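Peer 1: Given the sequences, and given the hints that come with them, work out the whole structure.
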Amino acid sequence: MFLRNCWYVAGWSYDIAVDSVLSRTMLGEPVVLYRKADGGVVALEDRCCHRLAPLSRGRIEGDDLRCMYHGLKFAPSGKCVEVPGQDLIPPTAMVRSYPVVEQDCWVWLWMGDPALADPALIPAALGHGDADWFMQTGQLAYEANYELINDNLLDLTHLSYVHEKTLGRNSMSWGESRPKITPIERGLRIARWVVDNPAPGYLDLAPGTRTDMWASYDYMVAGVFLLATQSFPPGTAAACGMQAPSAEPLWRSMTSQAVTPITEHQTIYYYSGCLPKSYVTEENSRQQLVVFEKAFAEDNAMIEAQQRVIDGTAQPAMLGTSSDNALNQFRRLMAGLIEAERPHRLSAAE
Amino acid sequence: MFLRNCWYVAGWSYDIAVDSVLSRTMLGEPVVLYRKADGGVVALEDRCCHRLAPLSRGRIEGDDLRCMYHGLKFAPSGKCVEVPGQDLIPPTAMVRSYPVVEQDCWVWLWMGDPALADPALIPAALGHGDADWFMQTGQLAYEANYELINDNLLDLTHLSYVHEKTLGRNSMSWGESRPKITPIERGLRIARWVVDNPAPGYLDLAPGTRTDMWASYDYMVAGVFLLATQSFPPGTAAACGMQAPSAEPLWRSMTSQAVTPITEHQTIYYYSGCLPKSYVTEENSRQQLVVFEKAFAEDNAMIEAQQRVIDGTAQPAMLGTSSDNALNQFRRLMAGLIEAERPHRLSAAE
Amino acid sequence: MFLRNCWYVAGWSYDIAVDSVLSRTMLGEPVVLYRKADGGVVALEDRCCHRLAPLSRGRIEGDDLRCMYHGLKFAPSGKCVEVPGQDLIPPTAMVRSYPVVEQDCWVWLWMGDPALADPALIPAALGHGDADWFMQTGQLAYEANYELINDNLLDLTHLSYVHEKTLGRNSMSWGESRPKITPIERGLRIARWVVDNPAPGYLDLAPGTRTDMWASYDYMVAGVFLLATQSFPPGTAAACGMQAPSAEPLWRSMTSQAVTPITEHQTIYYYSGCLPKSYVTEENSRQQLVVFEKAFAEDNAMIEAQQRVIDGTAQPAMLGTSSDNALNQFRRLMAGLIEAERPHRLSAAE
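Chains as they are written, first to last, in the working numbering: chain G, 1 to 350; chain W, 1 to 350; chain A, 1 to 350.
Treat the hints with caution; some may be incorrect.
The list makes no distinction among identical chains, and a pair is therefore deemed to hold if it is satisfied within one copy or across any two copies.
Computed cross-link-like contacts, DSBU-like style, restricted to lysine-lysine with a CA-CA straight-line distance of at most 30 angstroms [to be verified]:
(1) Lys180 with Lys36
(2) Lys277 with Lys79
(3) Lys165 with Lys180
(4) Lys165 with Lys73
(5) Lys73 with Lys294
Simulated from the structure, these hints should not be mistaken for lab results. Predicted, not measured: the structure shown is a model, and the values here were computed from it.
Peer 2: Structure, rendered in structure tokens:
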């Protein structure tokens with residue numbers, strides 16, 4: 001089950017080169033992406049209405065895309081504008097066209113009713129394309145349902161276990177703390193102090209440097225993770241009474257991550273790491289990405305293994321713990337939005 | 001759904017070497033092929049009636065084939081003639097034997113009721129084994145249903161798109177012309193002038209040579225393509241009033257191609273290319289095969305991609321164009337023959 | 001369908017190293033194995049009750065195993081003894097624990113009701129760990145249902161065909177003889193004289209040496225093969241009136257083999273070869289293993305091919321021969337035991 005009326009990341013802007021045709025499966029639907037002469041991105045159903053050949057094997061002609069099986073040509077609207085060897089073009093000759101917005105280095109597609117595609121609903125990625133920040137990017141394919149990845153990102157206690165030697169830095173700070181969870185529009189805000197936490201190795205600080213880190217993220221439907229951290233000298237958390245800090249931190253870090261379902265069984269995951277040019281070197285930023293890559297490979301291994309266990313379980317049932325709070329709230333939010341998309345049925349009163 | 005009462009190509013004659021056992025799946029059925037002492041080909045069910053081991057792991061003993069799991073021996077008729085360690089051979093101990101005809105360098109199997117296996121129904125391949133013609137051969141496995149390959153061969157407009165740079169020779173001649181289609185016994189005859197067409201590069205003609213080419217092929221159930229072309233100086237098509245030519249052409253070319261279902265999801269495709277020794281060198285003939293191999297790999301990539309799109313589509317529907325005429329007629333012909341094979345039901349009057 | 005109330009081999013003792021966690025699927029169930037501080041083997045359900053992550057990605061802590069997704073810790077009993085970040089442990093927080101016995105170099109698991117797990121039901125492997133015998137070991141994974149492997153081991157006529165050049169030694173002795181079959185508790189005893197049989201090449205005997213070999217094995221549910229052979233000078237079988245020998249043989253050989261279902265479609269097979277130190281060298285013993293490895297690869301190829309044929313057959317039916325006697329008896333024995341495990345239903349009289 002997918003939420004259709006939602007913006008999803010289809011890729012990085014740089015994934016769609018001029019004069020190249022990109023094929024993606026999103027929410028089980030085949031999509032083809034290419035750029036018009038003016039650089040604007042077009043997203044069409046990747047399935048010719050004639051014999052169902054993929055348009056991604058086609059040829060860009062101006063703003064249009066020609067199917068290279070039997071030559072039908074489609075406009076950015078999805079309308080067929082040429083059938084070689086015949087004059088009449090049937091009015092039903094068309095493929096679906098998806099609303100596209102290119103924003104914050106990401107290409108966003110609206111997978112539901114085009115009439116509802118409001119660009120204001122696109123979550124604002126943190127620091128993407130900001131000249132004051134170094135930005136590193138990556139992506140990772142999962143053989144797993146997207147909900148398991150959302151679950152993972154909504155319960156960061158796993159940092160102390162899955163990422164014991166990478167993001168967790170051999171500390172129980174994440175594993176044993178519980179965040180404050182606040183519902184926001186189409187999402188949750190999840191914030192906590194990670195107290196007396198070892199500083200990351202990629203910052204070239206004195207060995208043994210520790211901080212109190214304020215970590216707050218918004219988790220937006222259908223799977224966008226927007227985390228900003230602020231690191232302070234140890235003791236700051238207590239001095240703030242464990243409330244949000246107001247002073248300027250030693251340094252900040254930001255990361256945005258987007259979970260896009262390919263099918264029910266496969267998912268793609270896009271992520272960035274941003275560090276301020278005022279505080280770190282470009283090499284520090286590159287080393288952060290190295291840690292991210294290692295850590296996300298750890299998630300990938302765990303979640304794909306979890307998915308295989310679930311697939312091999314006749315009646316999978318999960319036992320709740322207190323760290324499931326956010327993921328349970330988010331699953332309910334998603335379930336409600338998906339339910340609301342189902343075709344209306346007669347109410348009991350009718 | 002397959003047509004059972006039909007001859008299918010099981011392989012080239014040279015595929016079945018003396019003293020070797022060949023395993024093939026045809027129309028979903030496991031078949032084992034080998035040669036008797038007199039060279040005649042035997043085709044048996046590749047499944048021992050005892051424990052269902054494949055006979056293709058067996059041993060040829062004279063004209064018979066012994067299962068090498070527990071030693072049962074089968075005659076070319078399919079009858080079990082020995083059970084080691086026991087005297088009585090149950091009368092039901094047998095495997096299916098398929099009618100076989102070796103003709104025109106191909107081994108043909110009748111996959112339906114043996115009583116109906118009339119060798120006169122075997123389509124005559126063009127130029128196979130003819131001493132006046134060079135003959136090149138090839139074969140290609142498809143991860144696709146055979147109907148998509150039939151569709152492909154019945155609508156040659158695709159030459160201008162799929163084969164733009166190979167068989168299509170950067171010309172719209174195929175894409176924008178429509179052939180004359182004539183029903184024949186168990187097939188269709190499809191003929192057209194391909195006007196002002198670039199000559200093939202493999203013939204060593206002066207650069208820029210163009211011809212009017214008369215291309216006529218019979219497409220026979222369940223998927224045999226028999227194409228003969230005749231190339232004339234430009235203007236000939238118009239001089240003939242676009243009717244079939246009667247004069248001697250500059251040169252001729254022939255190709256025979258056979259589509260054999262492996263399963264509903266896999267198909268094997270056998271093809272030849274024949275050119276007259278009176279007109280071309282053996283090297284020209286070899287170069288034609290190089291073009292065929294490149295072109296058929298293009299078909300393979302397109303059709304397997306099309307199959308994947310269809311497999312991922314809940315309710316695949318195709319929109320008709322005028323170039324579908326032949327393939328629609330052929331699909332109806334096949335559907336009628338397959339329907340006629342279904343067990344008879346009581347008519348309304350009974 | 002599996003027999004649950006039964007001991008199954010989960011691996012060799014040496015497979016479970018100190019401080020390492022072993023994952024196995026047995027009868028479709030994920031199992032994790034590790035050793036406690038005292039060396040005892042623990043077998044738990046390999047599926048955390050929290051989010052269904054595999055415990056085999058976990059960490060051994062003393063006698064316990066910690067899930068490395070979110071940190072839940074489990075005791076050898078399967079009971080959860082720690083949930084990081086919360087004090088209360090729900091009483092339902094537990095995973096299944098399997099009875100384990102380590103015996104004869106094998107780790108045995110009881111896959112059914114723990115209350116019925118009687119160690120006396122474990123078949124005694126022949127010569128395992130006996131200081132008077134050389135012992136070689138191996139294992140092999142099958143893409144096949146376990147019943148086909150039981151069938152194979154219960155009808156040794158296949159030695160003359162599948163193993164013509166290895167265990168069969170180019171002789172029809174196995175293929176054409178029929179054993180005496182005697183029901184025993186939870187199994188069958190299958191014995192015969194293999195008359196005038198070529199001696200094995202790995203024993204360094206004079207070329208052409210032949211023996212009368214008494215071969216008797218017990219085949220125990222759910223798939224344990226325990227074979228002892230005794231080799232005598234030719235003529236001994238007749239002198240004994242084809243009854244069991246009482247004199248001391250020239251030499252003995254023993255092999256134990258265990259068939260453990262992974263799923264309905266996959267199986268693992270453990271085997272040993274034992275030869276007496278009083279008669280053979282260690283190199284003879286190693287050469288016997290080389291023959292076993294070659295022979296069991298022959299079985300593997302035949303049985304996996306047989307499985308593929310069965311999978312591709314709509315209504316697979318097998319034709320009986322006299323060599324099926326033991327396997328038919330054993331299939332009935334297994335079917336009866338499996339049927340007896342089904343939940344009791346009301347009888348007609350109630």
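Peer 1: Indicate, hint by hint, whether the structure satisfies it.
Peer 2: Tested hints:
In this assembly of identical chains, Lys180 and Lys36 lie within 30 angstroms of each other by CA distance neither inside one copy nor across copies; the values are 45 angstroms within and 39 angstroms between. Neither within a single protomer nor between protomers do Lys277 and Lys79 lie at most 30 angstroms apart by alpha-carbon distance, with minima of 47 angstroms and 50 angstroms respectively. Within a single copy, Lys165 and Lys180 get their C-alpha atoms as close as 25 angstroms, which meets the 30 angstroms cut-off; across copies the closest is 63 angstroms, which misses it. Within a single copy, Lys165 and Lys73 get their C-alpha atoms only as close as 53 angstroms, which misses the 30 angstroms cut-off; across copies the closest is 19 angstroms, which meets it.
Taking the closest pair of Cα atoms, Lys73 and Lys294 come within 30 angstroms of each other only across two copies (25 angstroms); inside a single copy the shortest separation is 44 angstroms, beyond that limit.
Consistency note: the structure conflicts with the earlier hints numbered 1 and 2.
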